[in-house]
Amino acid sequence: MKQLLPHIICLFCLSIGQNGFAQFSMGGGINYDTGLQRIGFTAKVKYVFNEEEWAASPSYSIYPSEGATVKIIDADAHYQFATLFTNDLGIYVLGGLGFVDQIGSNKVALNGGLGVSIPTDNSLNIFGEVKFRVNKALGTQIGGGVMYQF
359 MKQLLPHIIC LFCLSIGQNG FAQFSMGGGI NYDTGLQRIG FTAKVKYVFN EEEWAASPSY
419 SIYPSEGATV KIIDADAHYQ FATLFTNDLG IYVLGGLGFV DQIGSNKVAL NGGLGVSIPT
479 DNSLNIFGEV KFRVNKALGT QIGGGVMYQF
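Counting in my numbering, the sequence shown runs from 359 upward without gaps.
Since the hints were made in silico from the structure, they are not lab data.
Heads up, a few of these hints could be off.
Claimed, not checked - Subject to a maximum C-alpha distance of 27 Å in a straight line, what follows is the list of computed DSSO-like cross-link-like pairs (lysine-lysine):
# : residue 1 : residue 2
1 : K429      : K402
2 : K465      : K402
3 : K494      : K429
4 : K402      : K494
With the hints as extra help, turn the sequences into a complete structure.
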């Protein structure tokens, strides 16, 4: 898994480089995982493909602990299906795959959920998400953060 991650990041960056950076954003936030019963920190990037409907959004979450730190890598796709209040609030569904590294064992998970995005000015967006993880250890991530758009 650790050897595969740099290749995935390189492919993602190359695809972004060919299409320009106008729809690229990155940021981070904080979330709570109900399965792990811990607060964690998330770093994520987002690339919007067409007319702000479809987007790819990989993220990396870490849940520190005195016992065992848990790391989760998610590769999600977003589909924005509604905008409210004159395009100030975007509502999207998300789904994808997750890779959970817990106590030295890697597990694949399916992700699904709902999110909102609120633009604050030309370059900042506040986001909030509820994401369900389905694998051997079920869990729900509830969180939010800020994204800077390039």
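Here's how the hints hold up against the structure:
1. K429 / K402: Between K429 and K402 the Cα gap is close to 13 Å, so the pair holds against 27 Å.
2. K465 / K402: holds (20 Å)
3. K494 / K429: Given pair K494, K429 holds - Cα atoms ~15 Å apart, limit 27 Å.
4. K402 / K494: holds (24 Å)
Of the numbered hints listed earlier, not one is contradicted by the structure.
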